[in-house]
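Chemist: Using the sequences provided together with the hints, build the complete structure.
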Amino acid sequence: MSCKKCIESPVIKLTNSPVSLCKSCFIKYFEKKVKKTISDYKLIDKNDHIVIAVSGGKDSTSLLYLIKKIVGERKDIKITALAIDEGIHNYRDESLEFLKGFCKKLKVNLKIVSYKEEFGKSLDEILKTYKGIPCSICGVLRRYLLNKKAKELKATKLATGHNLDDEAQSIMMNYCRNNMAISARLGPLTGIKKDERFIPRIKPLYFLTEKEVTSYAFLKGLMDNFKECPNSQQAYRNNIREMINDLELKIPGTKHSIVNSFLEILPLLKEEYSKDSKLIKSCLKCMEPCSQEICKTCIYIETVIKS
Amino acid sequence: MKVYLEKTNEYKEVRSKTLKEILKELNINPTTVIITKNNELITEDSNIKETDEIKFLSVISGG
Ligand code: SF4
Ligand SMILES: [Zn+2]
Ligand SMILES: [Zn+2]
Chain A
1 MSCKKCIESP VIKLTNSPVS LCKSCFIKYF EKKVKKTISD YKLIDKNDHI
51 VIAVSGGKDS TSLLYLIKKI VGERKDIKIT ALAIDEGIHN YRDESLEFLK
101 GFCKKLKVNL KIVSYKEEFG KSLDEILKTY KGIPCSICGV LRRYLLNKKA
151 KELKATKLAT GHNLDDEAQS IMMNYCRNNM AISARLGPLT GIKKDERFIP
201 RIKPLYFLTE KEVTSYAFLK GLMDNFKECP NSQQAYRNNI REMINDLELK
251 IPGTKHSIVN SFLEILPLLK EEYSKDSKLI KSCLKCMEPC SQEICKTCIY
301 IETVIKS
Chain B
1 MKVYLEKTNE YKEVRSKTLK EILKELNINP TTVIITKNNE LITEDSNIKE
51 TDEIKFLSVI SGG
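Which chain is which? The protein sequence lines are A and B, in order. Numbering (this note's numbering) for the first sequence: 1 to 307. Numbering (this note's numbering) for the second sequence: 1 to 63.
Possibly wrong hints are sitting among the right ones.
Claimed, not checked - FRET-style restraints, in silico, Cβ to Cβ:
#: 1; chain 1: A; residue 1: Thr156; chain 2: B; residue 2: Glu50; range: 51 to 57 Å
#: 2; chain 1: B; residue 1: Asn38; chain 2: A; residue 2: Arg197; range: 48 to 54 Å
#: 3; chain 1: B; residue 1: Asn38; chain 2: A; residue 2: Lys281; range: 55 to 61 Å
To be verified - Straight-line distance between alpha carbons at most 25 Å, and here's what the computed DSS-like set of lysine-lysine pairs gives:
#: 4; chain 1: B; residue 1: Lys55; chain 2: A; residue 2: Lys227
#: 5; chain 1: B; residue 1: Lys49; chain 2: A; residue 2: Lys23
#: 6; chain 1: A; residue 1: Lys220; chain 2: B; residue 2: Lys24
#: 7; chain 1: A; residue 1: Lys28; chain 2: B; residue 2: Lys12
#: 8; chain 1: B; residue 1: Lys17; chain 2: A; residue 2: Lys250
#: 9; chain 1: A; residue 1: Lys306; chain 2: A; residue 2: Lys285
#: 10; chain 1: B; residue 1: Lys37; chain 2: A; residue 2: Lys13
#: 11; chain 1: A; residue 1: Lys13; chain 2: B; residue 2: Lys24
#: 12; chain 1: A; residue 1: Lys13; chain 2: B; residue 2: Lys2
#: 13; chain 1: B; residue 1: Lys49; chain 2: A; residue 2: Lys13
#: 14; chain 1: B; residue 1: Lys2; chain 2: A; residue 2: Lys306
#: 15; chain 1: A; residue 1: Lys23; chain 2: B; residue 2: Lys20
#: 16; chain 1: A; residue 1: Lys23; chain 2: B; residue 2: Lys7
#: 17; chain 1: A; residue 1: Lys75; chain 2: A; residue 2: Lys128
#: 18; chain 1: B; residue 1: Lys37; chain 2: A; residue 2: Lys220
#: 19; chain 1: B; residue 1: Lys24; chain 2: A; residue 2: Lys250
#: 20; chain 1: A; residue 1: Lys227; chain 2: B; residue 2: Lys12
#: 21; chain 1: A; residue 1: Lys28; chain 2: B; residue 2: Lys37
#: 22; chain 1: A; residue 1: Lys227; chain 2: B; residue 2: Lys37
#: 23; chain 1: B; residue 1: Lys49; chain 2: A; residue 2: Lys36
#: 24; chain 1: A; residue 1: Lys33; chain 2: B; residue 2: Lys17
#: 25; chain 1: B; residue 1: Lys12; chain 2: A; residue 2: Lys154
#: 26; chain 1: B; residue 1: Lys49; chain 2: B; residue 2: Lys12
#: 27; chain 1: A; residue 1: Lys227; chain 2: B; residue 2: Lys7
#: 28; chain 1: A; residue 1: Lys220; chain 2: B; residue 2: Lys7
#: 29; chain 1: A; residue 1: Lys250; chain 2: B; residue 2: Lys55
#: 30; chain 1: A; residue 1: Lys78; chain 2: A; residue 2: Lys36
#: 31; chain 1: B; residue 1: Lys20; chain 2: B; residue 2: Lys49
#: 32; chain 1: B; residue 1: Lys2; chain 2: A; residue 2: Lys227
#: 33; chain 1: A; residue 1: Lys78; chain 2: A; residue 2: Lys100
#: 34; chain 1: A; residue 1: Lys104; chain 2: A; residue 2: Lys151
#: 35; chain 1: B; residue 1: Lys37; chain 2: A; residue 2: Lys23
#: 36; chain 1: A; residue 1: Lys13; chain 2: A; residue 2: Lys33
#: 37; chain 1: B; residue 1: Lys55; chain 2: A; residue 2: Lys23
#: 38; chain 1: B; residue 1: Lys20; chain 2: A; residue 2: Lys250
Worth flagging that the hints you see were computed from the coordinates, not collected in a lab. Even glycine gets a Cβ: it sits at the ideal position worked out from N, Cα and C.
Modeler: Below you can see the structure in the form of structure tokens.
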């Protein structure tokens, strides 16, 4: 079936309904879905300062563009883009150059925070001695800086470019590894509890597939032309992704079903695991929230970065 | 005809004549790519000619 509303040629076939949409209808469909997610889940409030985690990739670039488009005119809302510079030669340096230009064009403030300045070493330097999986340490350091810097910027929301595929993968990964406590922290809006150490996180692209986000970015000229991170090693996620994509091909709509079923049980998960969250301590060294006495980042700083 | 695969940055010679067959021939899951014909976005149901410039762009972003 092709676009019923007009006679232009279709650009995308939706996976959860037997409809193909033309360029202008798809862009409308996409933006409407993002707005609906924002209003259904109350992702944005009056007087919010939204800090958007950006990497230069298609997801966060589309997200920044859309948030600016949707609430950019509102006087009560402030938007800041926050990029983490891990210090990955021939990769992050290129995407940061792109981001500087893009944010300037969009008239959004861009704050760049680097591992080198914050921890004393760039990721490239860390990896000279660290022989574990790069993404393990890199992911911990990045999440830490995003939360810490968003707080310093006095953000009331931290927005990330996670899409439906990312979420479906995370749900299945946690499911297969019996990590339901971690799943309790997923969803389009997280961390609303009155714990000032956490900035609430919002995912406005939550109900859009990776293919839809890529199509949108392409049609809007927001595509990144960057290669993959040279350290990317996410074997487990890649396995799960492949499994879900195979299923999606055979049973269209699988991704949406995984996420929608999950959202039905999420309130129960949150209730169950909120007991645990009272046990969240503050790291004795840096005061950031953590489950042990000393947070993972401070442990990495002591055992890996300083050594 | 020849098609371009962005993920591996290479041109591939294919025997198939339709996009759906090409996807099968190259063992590409259509949910993992977007397809452009002469730099316009198209669906896998679209018609193509020998002379069209066809690209498969990966939707998966790393890092
Ligand atoms: S792919 Fe891994 S190493 Fe590269 S930026 Fe992402 S988390 Fe860091
Ligand atoms: Zn249309
Ligand atoms: Zn700490």
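Chemist: Work down the list of hints and note, for each, if the structure agrees.
Modeler: Okay, the hints, checked on the actual structure:
{"no.": "1", "hint": "A:Thr156 with B:Glu50: 51 to 57 Å", "in the structure": "holds, 56 Å"}
{"no.": "2", "hint": "B:Asn38 with A:Arg197: 48 to 54 Å", "in the structure": "holds, 52 Å"}
{"no.": "3", "hint": "B:Asn38 with A:Lys281: 55 to 61 Å", "in the structure": "holds, 58 Å"}
{"no.": "4", "hint": "B:Lys55 with A:Lys227", "in the structure": "holds, 16 Å"}
{"no.": "5", "hint": "B:Lys49 with A:Lys23", "in the structure": "holds, 21 Å"}
{"no.": "6", "hint": "A:Lys220 with B:Lys24", "in the structure": "violated, 29 Å"}
{"no.": "7", "hint": "A:Lys28 with B:Lys12", "in the structure": "violated, 35 Å"}
{"no.": "8", "hint": "B:Lys17 with A:Lys250", "in the structure": "holds, 23 Å"}
{"no.": "9", "hint": "A:Lys306 with A:Lys285", "in the structure": "holds, 15 Å"}
{"no.": "10", "hint": "B:Lys37 with A:Lys13", "in the structure": "holds, 16 Å"}
{"no.": "11", "hint": "A:Lys13 with B:Lys24", "in the structure": "holds, 17 Å"}
{"no.": "12", "hint": "A:Lys13 with B:Lys2", "in the structure": "holds, 24 Å"}
{"no.": "13", "hint": "B:Lys49 with A:Lys13", "in the structure": "holds, 21 Å"}
{"no.": "14", "hint": "B:Lys2 with A:Lys306", "in the structure": "violated, 52 Å"}
{"no.": "15", "hint": "A:Lys23 with B:Lys20", "in the structure": "holds, 21 Å"}
{"no.": "16", "hint": "A:Lys23 with B:Lys7", "in the structure": "holds, 24 Å"}
{"no.": "17", "hint": "A:Lys75 with A:Lys128", "in the structure": "violated, 47 Å"}
{"no.": "18", "hint": "B:Lys37 with A:Lys220", "in the structure": "holds, 17 Å"}
{"no.": "19", "hint": "B:Lys24 with A:Lys250", "in the structure": "holds, 14 Å"}
{"no.": "20", "hint": "A:Lys227 with B:Lys12", "in the structure": "holds, 20 Å"}
{"no.": "21", "hint": "A:Lys28 with B:Lys37", "in the structure": "holds, 22 Å"}
{"no.": "22", "hint": "A:Lys227 with B:Lys37", "in the structure": "holds, 22 Å"}
{"no.": "23", "hint": "B:Lys49 with A:Lys36", "in the structure": "violated, 39 Å"}
{"no.": "24", "hint": "A:Lys33 with B:Lys17", "in the structure": "violated, 35 Å"}
{"no.": "25", "hint": "B:Lys12 with A:Lys154", "in the structure": "violated, 51 Å"}
{"no.": "26", "hint": "B:Lys49 with B:Lys12", "in the structure": "holds, 16 Å"}
{"no.": "27", "hint": "A:Lys227 with B:Lys7", "in the structure": "holds, 9 Å"}
{"no.": "28", "hint": "A:Lys220 with B:Lys7", "in the structure": "holds, 21 Å"}
{"no.": "29", "hint": "A:Lys250 with B:Lys55", "in the structure": "holds, 24 Å"}
{"no.": "30", "hint": "A:Lys78 with A:Lys36", "in the structure": "holds, 20 Å"}
{"no.": "31", "hint": "B:Lys20 with B:Lys49", "in the structure": "holds, 14 Å"}
{"no.": "32", "hint": "B:Lys2 with A:Lys227", "in the structure": "holds, 23 Å"}
{"no.": "33", "hint": "A:Lys78 with A:Lys100", "in the structure": "holds, 18 Å"}
{"no.": "34", "hint": "A:Lys104 with A:Lys151", "in the structure": "holds, 23 Å"}
{"no.": "35", "hint": "B:Lys37 with A:Lys23", "in the structure": "holds, 14 Å"}
{"no.": "36", "hint": "A:Lys13 with A:Lys33", "in the structure": "holds, 16 Å"}
{"no.": "37", "hint": "B:Lys55 with A:Lys23", "in the structure": "holds, 18 Å"}
{"no.": "38", "hint": "B:Lys20 with A:Lys250", "in the structure": "holds, 15 Å"}
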